[in-house]
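**Q** Sequence:
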Amino acid sequence: KSVSVVPGNTLRMLRPCVLRGLWKRRLAGRCISSSASSTWSEWATWAGWRQEEGPPQRILRLTGPVKLYKEAASEEVLQDLTSGELLIGVGEEALQVGSDVANGWLFVRRPTEESVEIMSDKPLEYQDGWIHLPDAPVEMAEHQLGDRLAGRVDVPDHPVTNVLKALPFCRGQELPDWIPGSVCELHTGKVGGVLKGGRFLLQRPSGAVPERLMLESSMLLTRKDRRRNTAIAAALGLVFATVVGASIHLREWLRGQTQLGRKTWPQLLVWLLYAPVLVTPEGM
Numbered sequence: 010k011s012v013s014v015v016p017g018n019t020l021r022m023l024r025p026c027v028l029r030g031l032w033k034r035r036l037a038g039r040c041i042s043s044s045a046s047s048t049w050s051e052w053a054t055w056a057g058w059r060q061e062e063g064p065p066q067r068i069l070r071l072t073g074p075v076k077l078y079k080e081a082a083s084e085e086v087l088q089d090l091t092s093g094e095l096l097i098g099v100g101e102e103a104l105q106v107g108s109d110v111a112n113g114w115l116f117v118r119r120p121t122e123e124s125v126e127i128m129s130d131k132p133l134e135y136q137d138g139w140i141h142l143p144d145a146p147v148e149m150a151e152h153q154l155g156d157r158l159a160g161r162v163d164v165p166d167h168p169v170t171n172v173l174k175a176l177p178f179c180r181g182q183e184l185p186d187w188i189p190g191s192v193c194e195l196h197t198g199k200v201g202g203v204l205k206g207g208r209f210l211l212q213r214p215s216g217a218v219p220e221r222l223m224l225e226s227s228m229l230l231t232r233k234d235r236r237r238n239t240a241i242a243a244a245l246g247l248v249f250a251t252v253v254g255a256s257i258h259l260r261e262w263l264r265g266q267t268q269l270g271r272k273t274w275p276q277l278l279v280w281l282l283y284a285p286v287l288v289t290p291e292g293m
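So for the sequence shown, the numbering used here puts the first residue at 10; every next one is plus one.
Read the hints as simulated data drawn from the structure, not as lab findings.
Virtual Cβ for every residue (Gly too), placed ideally from N, Cα, C.
It cannot be assumed that every hint is accurate.
Derived BS3-like pairs: lysine-lysine, alpha-carbon spacing no greater than 25 Å straight-line [claimed, not checked]: (1) Lys199 to Lys131; (2) Lys131 to Lys76; (3) Lys199 to Lys233; (4) Lys205 to Lys79; (5) Lys233 to Lys76.
Label pairs and their in silico Cβ distance ranges [what the hints assert, rightly or not]: (6) Pro214 to Glu151: 17 to 25 Å; (7) Leu282 to Val164: 38 to 46 Å; (8) Gln136 to Val169: 39 to 47 Å; (9) Leu282 to Asp163: 27 to 35 Å; (10) Ser256 to Pro65: 55 to 63 Å; (11) Lys131 to Ala244: 39 to 47 Å; (12) Lys199 to Thr273: 50 to 58 Å; (13) Val169 to Thr231: 21 to 29 Å.
Kindly produce the complete structure, drawing on both the sequences and the hints.
**A** So this is what it looks like as structure tokens:
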């Protein structure tokens, strides 16, 4: 049998290539393992974000006067709470509020602040105490901690509302709620706590203007409500633009001045196309 002998120079030339190939395969294996571990860590982080940290917490609304006690099974009263106030219930007992099995003492946190700085992320201050569930008229609040909502802020000075307030049949009267709701500002955020007066704290990302909003439940909109209100506002704007444009052109047509200028029918069609083609998709 013939045996081929590889010269030493050739071996020295091939050695770097072999080493590079082995290094690439090892590096590829490390990349795969690191990507798998990073994917698993991201999944674990997401799963942990979805779960509550610590004992469960629920926002509760008082439907009647309630006494706040210093300790469970104690007679020392810290505060007499009025109807409509919001509390944060802590523990498994908070999950049973509103059911027939709700019984015993519930640890709660009462808000002590009426207002906060709008450009801040400082934690809210609370007073700890206990309430006796069988004697406490409480229910689950409309919104809970971490809910993504849109805060409605009415504009005090808007051209549309100013014109409506100047009309004879609206002068000196409050406008229907859907009118200022159609021209209001919407700021999205998360429920970050509660304040005195039955108000929620809507926390927005850092750097947003404003970063915090203090709103009642009626001024907080879910995603479904926000889409419905936006669609209604866009439809009202479309109808208003159509009526105004058609009225102006109709007046000119009756005068016989429809041959030249901006009062011709092609201009009216262009005007009517702006709303359904450009405005309505943005509003939806």
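**Q** All hints are to be evaluated individually against the structure, with a verdict given for each.
**A** Checked hints:
1. Between Lys199 and Lys131 the alpha-carbon distance is near 15 Å, which keeps this suggested pair within the 25 Å criterion.
2. Proximity of Lys131 to Lys76 is assessed by CA-CA distance (about 28 Å); at most 25 Å being required, the pair is judged violated.
3. For the given pair, Lys199 sits about 16 Å from Lys233 by alpha-carbon distance, which is consistent with the 25 Å threshold.
4. Using a Cα cut-off of 25 Å, the hinted pair Lys205 and Lys79 holds, with the two alpha carbons roughly 19 Å apart.
5. Proximity of Lys233 to Lys76 is assessed by CA-CA distance (about 37 Å); at most 25 Å being required, the pair is judged violated.
6. Pro214 and Glu151 have their C-beta atoms about 23 Å apart, which keeps the hinted 17 to 25 Å range intact.
7. About 28 Å separates the C-beta atoms of Leu282 and Val164, a value inconsistent with the hinted range of 38 to 46 Å.
8. The beta-carbon spacing between Gln136 and Val169, approximately 44 Å, falls within the hinted interval of 39 to 47 Å.
9. In this structure the hint that Leu282 and Asp163 lie 27 to 35 Å apart at CB holds, the actual value being about 31 Å.
10. Distance hint check for Ser256 and Pro65: the Cβ-Cβ separation is about 58 Å, which falls inside the suggested range of 55 to 63 Å.
11. For the hinted restraint 39 to 47 Å between Lys131 and Ala244, the CB-CB distance of approximately 41 Å keeps it satisfied.
12. Roughly 52 Å separates the CB atoms of Lys199 and Thr273, a value that falls within the hinted 50 to 58 Å.
13. For Val169 paired with Thr231, a C-beta distance near 25 Å keeps the hint of 21 to 29 Å intact.
Taken one by one, the earlier hints fail for this structure at numbers 2, 5 and 7, listed in ascending order.
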